[in-house]
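Participant: Spelled out, the chains give:
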Amino acid sequence: DAGVIQSPRHEVTEMGQEVTLRCKPISGHDYLFWYRQTMMRGLELLIYFNNNVPIDDSGMPEDRFSAKMPNASFSTLKIQPSEPRDSAVYFCASSLRLEIYGYTFGSGTRLTVV
Amino acid sequence: QQPVQSPQAVILREGEDAVINCSSSKALYSVHWYRQKHGEAPVFLMILLKGGEQKGHDKISASFNEKKQQSSLYLTASQLSYSGTYFCGTGTGNTPLVFGKGTRLSVIA
Numbered sequence: 060d061a062g063v064i065q066s067p068r069h070e071v072t073e074m075g076q077e078v079t080l081r082c083k084p085i086s087g088h089d090y091l092f093w094y095r096q097t098m099m100r101g102l103e104l105l106i107y108f109n110n111n112v113p114i115d116d117s118g119m120p121e122d123r124f125s126a127k128m129p130n131a132s133f134s135t136l137k138i139q140p141s142e143p144r145d146s147a148v149y150f151c152a153s154s155l156r157l158e159i160y161g162y163t164f165g166s167g168t169r170l171t172v173v
Numbered sequence: 271q272q273p274v275q276s277p278q279a280v281i282l283r284e285g286e287d288a289v290i291n292c293s294s295s296k297a298l299y300s301v302h303w304y305r306q307k308h309g310e311a312p313v314f315l316m317i318l319l320k321g322g323e324q325k326g327h328d329k330i331s332a333s334f335n336e337k338k339q340q341s342s343l344y345l346t347a348s349q350l351s352y353s354g355t356y357f358c359g360t361g362t363g364n365t366p367l368v369f370g371k372g373t374r375l376s377v378i379a
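First to last, the sequence lines map onto chains A and B. Each residue of the first sequence is one higher than the last, beginning at 60 in the numbering used here. Each residue of the second sequence is one higher than the last, beginning at 271 in the numbering used here.
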C-alpha cells in the first residue's frame, strides 16, 4: 500500500482565499483523522470520520473550516476564507480502529497564509 | 485534555540511554508512541493498552502504569537514527488520540 496520501505538500495563499486540502486514506481503514500541528499547540485533532461519517468536529476552530468524506478513499479539509493564523502543517491520518491500532499519517500539507 | 510529556528536550551521545515520560490527568485505556523527524510525518512506534504488557522491540520499549496514568518510553544504547521528536498519544476508551507536545531527542556522535 502507498500509505496515506495528502496533497498538496505545500500551499501558499493570500488571506481571504479558499484553501482545499486533500487526503486519500489507506484502503480498508475505517477511521480518518485530520490533525493540525503548530509549534505552540502541537498536534490538535480537528475532526474524525468513521466509515465516511463525521463523528466529532468539536476541534474545528471556526465555521471557516469544513471537512467532507464523500467516499472511503477521499477526504477534503476546506478553509474559507483563510487567515494568517491558519498557517500550520495539516496532517491526515487513518487507522483500522479508533484506539487499538496505530495511526498512519500522511506527509502533511504545510499551509502558509500571507 | 493534552497529556504532559517530560523532558521537553534531551541531548544524548551515541550509546547513552534515555527515558521519556507521558502523564495524563484522565483514566487511560491506551497509550501510543510516535516519532517524527524534521519535516516528516509522525511514525507509529508502539501501543500499550490497559491490562496489557510492557511492549518493546530491539532497543526501544515502553511501559504503562495504569494506576498513575503514566507511560514511559525507554531508548537504550541510542543511535543517531533515534533523533527526532517523540510524541505520546492517549485515549480514554473509544476516543481518538490526544497528543502531548512532544520531546525533542538529539543524539550526537
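There could be a bad hint or two in this list.
[Claimed, not checked] Residues from chain B that keep clear of chain A, each with C-beta distances beyond 10 Å, as calculated:
no., residue
1, Gln272
2, Ile281
3, Asp287
4, Ala288
5, His302
6, Tyr304
7, Glu336
8, Ser353
9, Gly363
[Stated by the list, open to error] Some chain B residues judged to face chain A by a derived CB distance under 8 Å, without partners named:
no., residue
10, Val274
11, Ser300
12, Gly321
13, Tyr344
14, Lys371
Hints were generated in silico from the structure; no laboratory data involved. Glycine included, every Cβ here is placed at the ideal spot set by N, Cα and C.
Participant: For every hint, state whether the structure bears it out.
Facilitator: Each hint tested on the structure:
1. Gln272: About 7 Å separates Gln272 of chain B from the closest Cβ of chain A, which leaves it inside 10 Å; violated.
2. Ile281: Nearest chain A Cβ is 19 Å from Ile281 of chain B, so the label holds.
3. Asp287: The claim stands: Asp287 of chain B keeps its Cβ more than 10 Å from every Cβ of chain A (closest is about 24 Å).
4. Ala288: Its Cβ never comes within 10 Å of chain A, the nearest being 20 Å, so this holds.
5. His302: Contrary to the label, His302 of chain B does not stay out of reach of chain A, its closest Cβ about 6 Å off (not over 10 Å).
6. Tyr304: At roughly 8 Å from the nearest Cβ of chain A, Tyr304 of chain B sits no farther out than 10 Å, so the non-interface label is violated.
7. Glu336: Its Cβ never comes within 10 Å of chain A, the nearest being 14 Å, so this holds.
8. Ser353: Check passes; 18 Å lies beyond 10 Å.
9. Gly363: violated, 7 Å
10. Val274: This interface hint is violated because 11 Å lies over the 8 Å limit.
11. Ser300: At 4 Å from the nearest chain A Cβ, Ser300 of chain B passes the 8 Å test, so the hint holds.
12. Gly321: Gly321 of chain B check fails; min Cβ-Cβ to chain A is 12 Å, beyond 8 Å.
13. Tyr344: It is violated, given that the least Cβ distance between Tyr344 of chain B and chain A is near 19 Å, above 8 Å.
14. Lys371: With a closest approach of 4 Å, the Lys371 of chain B hint holds.
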